[in-house]
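Chemist: The chain contents come next:
Number of protein chains: 2
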Amino acid sequence: LSDTNSIETVSFVGSGNVATHLALALFKAGIGIKSVFSPNKLNADEFAEKFKCQVVSDITETAKSIDMLILAIPDSRVAEVCNSIPDNGTLVVHTSGINAMEALKSKSRYGVFYPLQTFSKERELDMKTVPFCLEANNNNDLQRMYELAKKISSNVHFVNSKKRKLLHLTAVMVSNFSNHLYHLSYDILESGGVSFDFLKPLIQETASKVEEIHPHKAQTGPARRNDITTLEEHMKMLSQFPEYQQVYKLLSEQIRKKFHE
Amino acid sequence: LSDTNSIETVSFVGSGNVATHLALALFKAGIGIKSVFSPNKLNADEFAEKFKCQVVSDITETAKSIDMLILAIPDSRVAEVCNSIPDNGTLVVHTSGINAMEALKSKSRYGVFYPLQTFSKERELDMKTVPFCLEANNNNDLQRMYELAKKISSNVHFVNSKKRKLLHLTAVMVSNFSNHLYHLSYDILESGGVSFDFLKPLIQETASKVEEIHPHKAQTGPARRNDITTLEEHMKMLSQFPEYQQVYKLLSEQIRKKFHE
Numbered sequence: 023l024s025d026t027n028s029i030e031t032v033s034f035v036g037s038g039n040v041a042t043h044l045a046l047a048l049f050k051a052g053i054g055i056k057s058v059f060s061p062n063k064l065n066a067d068e069f070a071e072k073f074k075c076q077v078v079s080d081i082t083e084t085a086k087s088i089d090m091l092i093l094a095i096p097d098s099r100v101a102e103v104c105n106s107i108p109d110n111g112t113l114v115v116h117t118s119g120i121n122a123m124e125a126l127k128s129k130s131r132y133g134v135f136y137p138l139q140t141f142s143k144e145r146e147l148d149m150k151t152v153p154f155c156l157e158a159n160n161n162n163d164l165q166r167m168y169e170l171a172k173k174i175s176s177n178v179h180f181v182n183s184k185k186r187k188l189l190h191l192t193a194v195m196v197s198n199f200s201n202h203l204y205h206l207s208y209d210i211l212e213s214g215g216v217s218f219d220f221l222k223p224l225i226q227e228t229a230s231k232v233e234e235i236h237p238h239k240a241q242t243g244p245a246r247r248n249d250i251t252t253l254e255e256h257m258k259m260l261s262q263f264p265e266y267q268q269v270y271k272l273l274s275e276q277i278r279k280k281f282h283e
Numbered sequence: 023l024s025d026t027n028s029i030e031t032v033s034f035v036g037s038g039n040v041a042t043h044l045a046l047a048l049f050k051a052g053i054g055i056k057s058v059f060s061p062n063k064l065n066a067d068e069f070a071e072k073f074k075c076q077v078v079s080d081i082t083e084t085a086k087s088i089d090m091l092i093l094a095i096p097d098s099r100v101a102e103v104c105n106s107i108p109d110n111g112t113l114v115v116h117t118s119g120i121n122a123m124e125a126l127k128s129k130s131r132y133g134v135f136y137p138l139q140t141f142s143k144e145r146e147l148d149m150k151t152v153p154f155c156l157e158a159n160n161n162n163d164l165q166r167m168y169e170l171a172k173k174i175s176s177n178v179h180f181v182n183s184k185k186r187k188l189l190h191l192t193a194v195m196v197s198n199f200s201n202h203l204y205h206l207s208y209d210i211l212e213s214g215g216v217s218f219d220f221l222k223p224l225i226q227e228t229a230s231k232v233e234e235i236h237p238h239k240a241q242t243g244p245a246r247r248n249d250i251t252t253l254e255e256h257m258k259m260l261s262q263f264p265e266y267q268q269v270y271k272l273l274s275e276q277i278r279k280k281f282h283e
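The listed protein sequences correspond, in order, to chains V and C. Adding 22 to a residue's 1-based position in the first sequence gives its number in this note's numbering. Adding 22 to a residue's 1-based position in the second sequence gives its number in this note's numbering.
If you are wondering where the hints come from, they were derived from the structure by calculation, not from laboratory data. Keep in mind that the hints are not guaranteed to be accurate.
[What the hints assert, rightly or not] Here are the simulated lysine-lysine pairs, DSSO-like style, with alpha carbons at most 27 Å apart:
id: 1; chain 1: V; residue 1: 86; chain 2: V; residue 2: 63
id: 2; chain 1: C; residue 1: 271; chain 2: V; residue 2: 258
id: 3; chain 1: V; residue 1: 222; chain 2: C; residue 2: 74
[What the hints assert, rightly or not] Covered stretches of chain C (chain V as the covering partner; in silico rule of three or more C-beta atoms under 8 Å from a C-beta of chain V):
id: 4; stretch: 93 to 105
id: 5; stretch: 132 to 143
id: 6; stretch: 197 to 210
Yeah, the Cβ is synthetic: ideal placement off N, Cα and C, and Gly gets one too.
Using the sequences provided together with the hints, build the complete structure.
Modeler: This is the structure in structure tokens:
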């Protein structure tokens, strides 16, 4: 394969949420999925059937006869898994937000292909808007990865490891932590026999608002207004949920301080 | 005015975010806005010009010659302001999530007209999807309020004070607290010269996901996976933001416990 060829075939190590969504988008864009390796046999079989590819049971075989190997595996295992694959000159990339590109430095050609999104198998999503953060150890591969990413997303960027780590950290905050707030609200409403559906338009609007307005301007509510009476009343209501009361206290105090100190 | 007449004219006490958005929706639906009273003279003048109504400077005059008086004022002032208005038999409602309907019991006809949404003057919104939580001290007025609310929203419900308070509490959590997470992420990214725009598709998807999937199923990320290495790395990255580190610690621990204990 010449360096100037476009990436036409890939294989996956991993068959979880990220692997599945990425493979689907690539598959739909006409990229050949050659094989999948995964410790989870059930997931691997399902993946292989969906994308008409082979299940490989020996990890040392995964980088053969393809243009790019994608490691879509838990963040904590990237370096170790990469080291177990012999370098045959194939481009190897990881999809992790937190791992430096250098985690793959045992290979001669390597890079990062990080889609900044929350993926669940239960839910389809539009890959076109997903920001892809790319990095590579040589410009030829970076260019080829860019062309590949553009086939599935219109939101592709070159981002170094340091900036990508900041994005990963804040992604946890705006996504996992917000979802936790949805979760505890669900629990609280359920305890009072109230449907979570009531909150859905508010959740949507809160997210849409910061597309247009700075989060400082977008803030509303009792802590923003320094309305101590309401804050105290809410704290009292949460006495049967001591863990959620801690969340309420910490976040309200921080909001209040941001606007009133 | 007969009890069976529909509500055709209203006046406002208050000229803030809620008053402005509510008045706009009612105005567009052909409801007459007769007057506004507000301690904020500048806001009141702007409001009066926008909705072609009078500015009233004496609060005791506000309930005259209308079908319904709307108190769109800070939660902590509802009872006190209501008590300062003489009862002339006009229906008086508040728009507060936290106040019991009985805060208005000095009037002969009273109720609650609570739109569950985050309102900022800088941003237009579609009132049609906003849940309205209604309550009244008599069925005639409840019916009339229902018909009025249906003119501006297709999401109208009868909700008692206890359930409304739970909705208000959880609204603070999913909206104000999520927005605070957007705010601190904005600060963190800014410190590293990274654009907040990267996070917008993720914020949108996180909000859209819980429209379809239970928040428990929707959860992803390092705490969900019990990935201690990443959690520790993020904590280290936050050492220059001790307050945000506290948020990271508390919420990560709660997510981890929900899934791994």
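Chemist: Now look at each hint and say whether the structure bears it out.
Modeler: Each hint tested on the structure:
1. 86(V) / 63(V): Measuring from Cα to Cα gives roughly 21 Å; hence the hint holds.
2. 271(C) / 258(V): Cα-Cα ~24 Å, so holds.
3. 222(V) / 74(C): Roughly 33 Å separates the two Cα atoms, so the pair is violated.
4. 93 to 105: holds (count 3)
5. 132 to 143: As far as the stretch 132 to 143 of chain C goes, the hint holds, because 5 residues have Cβ atoms under 8 Å from chain V.
6. 197 to 210: Our answer is that it holds, as 13 residues pass the Cβ test (under 8 Å) against chain V, meeting three.
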